Structure formats: structure tokens, C-alpha cells
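S.K.: So the sequence lines, in the order shown, correspond to chains A and B. Numbering-wise, the first sequence is residues 0 to 420 according to numbering that gives the first Met the number 0. Numbering-wise, the second sequence is residues 0 to 342 according to numbering that gives the first Met the number 0.
Think of the hints as simulated: they come from the structure by calculation, not from any bench. No experiment lies behind these values; they were computed from the predicted model shown. Treat the hints with care, as some may be off.
Here are the simulated PhoX-like pairs of lysine-lysine, each with C-alpha atoms no more than 20 angstroms apart in a straight line [unchecked claim]: (1) B:188 to A:338; (2) B:283 to B:241; (3) A:287 to A:275; (4) A:235 to B:326.
Computed beta-carbon distance windows for the label pairs [stated by the list, open to error]: (5) A:315 to B:236: 54 to 60 angstroms; (6) B:150 to A:60: 57 to 63 angstroms; (7) B:150 to A:281: 36 to 42 angstroms; (8) B:177 to A:232: 41 to 47 angstroms; (9) B:183 to A:111: 25 to 31 angstroms; (10) A:315 to B:26: 52 to 58 angstroms; (11) B:311 to A:130: 30 to 36 angstroms; (12) A:88 to B:325: 37 to 43 angstroms; (13) A:54 to B:190: 48 to 54 angstroms; (14) B:259 to A:378: 50 to 56 angstroms; (15) B:286 to A:130: 44 to 50 angstroms.
Which residues of chain A face chain B? A partial, calculated answer using Cβ under 7 angstroms [what the hints assert, rightly or not]: (16) 159; (17) 285; (18) 340.
Note that beta-carbon positions come from the ideal geometry of N, C-alpha and C, so glycine has one too.
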Amino acid sequence: MSNGPSRRTFLRGAAAGTALLAGTTARAATPDPLITEVQPWASGFGDPVDESPYGLPIRFEDDVIRRNVEWLTADTISSINFTPIHALDGTITPQGAAFERHHSGAIELSKPDYRLMINGLVDRPLVFNYADLERFPRENHTYFCECAANSGMEWAGAQLNGAQFTHGMIHNMEYTGVPLRTLLEEAGLDAAGDLADKWVYVEGADASSNGRSIPMEKALDDVLVAFKANGEALRKEHGYPVRLVVPGWEGNMWIKWIRRIEVMDGPVESREETSKYTDTLEDGTSRKWTWAMDAKSVVTSPSPQSPITHGKGPLVISGLAWSGRGAITRVDVSKDGGKTWETARLAKPGEKMALTRFYLDTDWDGEEMLLQSRAMDDTGYVQPTKNELRKVRGLNSVYHNNGIQTWWVRPTGEAENVEVS
Amino acid sequence: MSKFLKIAVALSVLGTAAQAEPLGLGREALPEEIAAWDIAVRPDGRGLPPGSGNVLDGEEIFADKCAACHGDFAEGIDNWPKLAGGWDTLDREDPVKTVGSYWPYLSTTWDYINRSMPFGAAQTLTPDEVYAITAYILYSNDLVDDDFELSDQNLADFEMPNADGFIIDDRAETEYGQFSTEPCMSDCKDEVKVTMRAMVLDVTPDVEGAEGETEAVMEEAAAIPEAPAVEEVAAIDPELVKAGEKVFRKCKACHQVGEGAKNRVGPVLTGIVGHPAGQVDGFKYSKALKGMADDGLVWDPEALHAFLANPKGFMKGTKMSFAGLKKEEDLAAITAYLSSFNE
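Whenever a hint applies, use it, and build me the whole structure from the sequences.
M.R.: Here it is as C-alpha cells:
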């Protein structure tokens, strides 16, 4: 099996790249026929407007796709795939490339067949249809959704060779929806009495009927019942027609195909909040209710699937940072495995619980690098190293690995997932 | 009360803003509707329907409906979840988390089986069956004897071994302080050594394929411009086979096909298209299927379509608990896919 996912790309690029020297403008030996000769696309027709009523990416980009890791799960129906973050830029994840996680497959549920029930400790148990939801005042918010298991395979050590696989259980979309608070108030919360010790239980309409308990404080704060993402309807695989958005908290709580919301006097302690999504510490006890996703970042390029193909000279180091507890305020990048750090440029100021893009525009000397990034959020939290996390949690955790990632970039431009001392 | 909730009260998101006037949208949920969907079971037993089931009945039902993935003794086959064993492993390397070793509440087991299992046929079990399966899982974990009966009366009182094994998220105390100091910018360590490499492990899926394919297509396009290389369409349309492979995901929980396939809940499907029904070695067919096979049923595409479109309608008494494929194109695709395994 080949280890260099992009060796071929690399070799192709390297030949062209050697012509470049830092600080000087290269000179071509012969005129470029792509410029001097009339190309077919500059003479004949392109596609007519009725070619693809809903467009897909051009075929040259057909390796920018979700990928799964077969050995991870027993079956692709209850499984996960990964966003190709190594090949994307900006912060918005196109829905078609955004990672999927199903417990019983992505179901087809139409708007006419859709029902949402609110029951339990409410004044009026209600049933909404899809059209009802569109009549409530709605909001737009951009949030990241990260699976608690993102980077989980890296807890014991460097395993998967690519940012897509180590950090791709994440996407970031602009959602349109109705605040959960609005719907709960429509049903009336007087019956619930003191809200401080109340919870909502949310569950999906698919065969797994994945259910999670959410404390009332969060439910009334920023949780969204969403039906659009990035301007269009949710995709089937992301919960069409309606999903829950639980900003900053682990993706498992973002119930897809949401069909029921029950106000309760305590948590259900469902399978997904006891046997899964709990974090076993060194002494064998386990943390539960570890909902928030702590600040984290990763260099998306260069990375194993996105090697440097142009030789030394100007290089854009780019990556993503996010925090489930607030907004990213700063990202530092190290080229020497954490000995020295430089502060990267944020493409835009960090937004609460949304992805932030960072760039370090640098001049690569062609020597090897141990590339790392370190995120900070507005609570003052600084992304720790994996070893710092292991000191607290031991080696048996699976979820919530937000440790610093290292890419070993070689003089050839190829990169590998490693851990450093 | 949890620390989180105490903080929550302090933050005063709760009960501050005056509640908005209802818009009068939606309609009242009827009691029958609430009863149909509100099936959550709580640790104290609230939500449990009346009923009971014992270990011996559970063993039989488990063998029939669960063992294909979870193993006869709940030990888990391949990558499917292990439900039994793992005692005293939680503080060791690679803890084995099973119902017996890890799950804090028995209600969770009952609730999960009732709402989500069997995989691919959720919500088809009766309450008594769920009690019986749950009792058998306890038995397979050595937590009860073989004469044990579980019911809505005694479930909430059953204490699980790891009931006290959980603490509420303490990152605020154990992590946030030490991870919130001014970060080092230079001379942060003396030396840096690579201590672990992903390439040595070599478990990354080979992603060159996708790229290589693109190139192959491009090279081909460059070599023969204007001439779409339409090959003679083989007997089986490869696109349809590909589509059928996707449709087959609905079957995969119970059926295997191709090289190395084994009988699971359902028989191996290699080479069945066009051949007499009921011929797979070592599979215990239903009486219904055997009867029709004796009457000469052959799995030609027509019969296969009729069966897969409506399994229970075509074959009253079939063991196959599958609702059927509604779309004509799915039926064609699955037939093409299965045909592709014929010698």
C-alpha cells in the first residue's frame, strides 16, 4: 500500500517548482503554448445553461470528497466519514463535502411527512408540521459542528496520515432556523416550574432515534431548530428537513431529523450519553456530560494530503481554529515542533463557535519543518499539547482530543502525521 | 445539582426575558400520539411499559435477532459491539466497555434495545421480548442466574456494577486553569524529537485512487479527443451494478455476498440470481421459503423483484424482516448487483 497519498501530485509540481528562486522572478526558456496557441476553450463553446440545473464541482476537483476509514466501524450504515479539510479554504463547508455520521443510515424524510412534537412538562403539548416552523421568526447563525470523536484515533499516538482523517469530523455552516426557546415558549414553560433543574430530551426520527438530554439553560440560550444550511435545504445526510444545532457542543447532540423535544425533570441517561460520549480517565472513572468542544486548531496545508509542490520560497501555511466555548482570538504557528512560535494572521476576526481561518504567509527555506498550530479563545484558554491532555486524562480517552497536531514536512515538501517530544 | 446547572442559574439565561406571546402555531398533541413517540425510559423506571421476560426466553430471542452481530454469548462479532465481559478493565490499557462493565443504568439498555434494535428492524420487538433480551444480556455478564426474570417491577432497582463509575465534567477545575496561562513564544523546549510516525503504522486509507482515476480520465480524454470511448455494453450494466452496491447497504446487516461471504442472519447471496431458491449450504431457511423452493421457485429477476418489493406479501412467513424496496430502479439495481456475483 502506498504511503504517499499525493506523491504523484507532488512530483508533478516539484518539476515546475524548481524553476522558482526566492526573491527573483523566473524566466521561461520558451513561450508557453497555453498562451501562444489558441486553446479549444478559447475558441469553441462551453456548456449551455441547461447543462446542470444543480451544479457539481468541475471534474478536476473530484478528489475533494468525503472519505471514510473502513476499519473504524463494523458497517457503513452506522459509521462516519470525513470532510476534506485539507483541500478546502475559507471557513464555510460545502454541504456535499461536509462529514456525515449516521447511526442507522441517512433517511429520506419529506417535508409533508415531517412532524415535530413538544411534550413533557409544558403547558400545551404541541405538534408542528414543517410549514408551521417556517412561520416562526427565524435567525441566521454560522456554527461549527464537531464530532466528539474527532481526532479520537490520534489519542494513543499518530495514526492516520492526513488532516482529513485526523481532523475532518467537522463542518461549519450558516444555519437558518428557529430558536428552540421560541418553540418551547410556544408550548409554554409554566408547567415546568423552576427551570434551573429542568432538561430537554431531543430525539431523531430515524431508526436509531438517537436521543440526548440537554440542560434547559443551553436549550433556552442558543440552540437552533434549523432547516437551511448555507442558504439551501439541509442535505439528507445532515438531517433534512430539520435538525438541531447545539452551538459549541459535541456533534452527537445535534439531532438530525429531529422529531421530538420533551421537557423533563432530569436527563434520560440514554445510550449516547452513558455508554458513548463519556471519557474514561486513568483510574477507570469516566467523565460524563462533557458537552463543550474545547479550543482546537490544525494546519490544513501543508499537510500529508496537501504537500508543498513548489519548492522553497513564498509559502502560505493555512489552517482552521475553533472553540466551543467562545471565539478564537489568536493562533500561533510553530515550524520547529513547538520550540518557537509566530502569531498567524486571522482571515477574519473569530466568531463565537464558528471556524476561523488562519494564514501564516512565510518564506520557506526548503528545510524540514515540524509544523504545529495553537489556538486561543476569548476565555483565555490555550490549546494544549496531546501530552498535556494525557497527563490529566490518561491514555484511555477517545473523545475530546483537542491536542496540538504536528506535521513533519520534509525538504521534498511531503508531510507526515507525527508526534514530537 | 450539577455544577453546570448552578452556573446556569447564575448566568440567568433562565427565566429572565419575558416569555414571548404564543403565536398559536401547531396543534395540540393527542394522547395517542404522545404515547406512540414518547417511549423514553428513565433510570428510575419511568416510561417502562408493563411486561416481563426471563433469561431462557431471552437467550432464544437473542440467538435469533441479535447474535448475528453481537455473537451467541453477547461477545460481539468482528467490529460489532461486545455486550458482555470486560469486567475490571476500565483502569487498564484498552478498556472493554460492555453493558456489564460500563453501562451505569439498566434503563439505558432497555431503552436502547426497545428504540433502536435490532439493527435494521428497529421498534419491532414487543416489551416482553425487550425484557427477555435485557435479562439475557445481564446473564451473559454473570450478573444474574439463569432463572432470573426482569420486569417493569424490578428493573429500576437493579444496580449496575459501574453505577458509581461516572463523574460530571470537571474540566473547569482540572484543565481550564492550567491551560489558560500565557503561552510560550520562544525557547519553549531544548530539543524536539519525533516520537511517533503515522506512516509506520500504515492504517490510512489509500486515497491516491481517486486522484489516479482523475488523471486516467484526463489522459484518456487527451488521447482521444471528441471520441467518447463507448465500449460494448456488457450483459450487466456496470453503472447499475454500482447503484446496486449502494442499495445493498440496506441488506448488509444480515446478508453477505462475494468472496469470503458467510451466512449471517440471512444466507449468503453469491450466485443466487437465476438459480433455485433455498440452496445455500448451512442456512436454516423458513418453512415458507422451503415450501416455495420445493414448488420450484427460481430466483430469476422477476421472482427476485416480486420478493424484494414486498417480502412478506410474496412469501407469507418469511424470516426476512425487511420492509421491501419501493423504487423500481432500486430493484433493477440490486438485481444487477447480485447478478454480478454469478460465475
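S.K.: Of all the hints given earlier, name the ones this structure violates by number, lowest first.
M.R.: 2, 5 and 9
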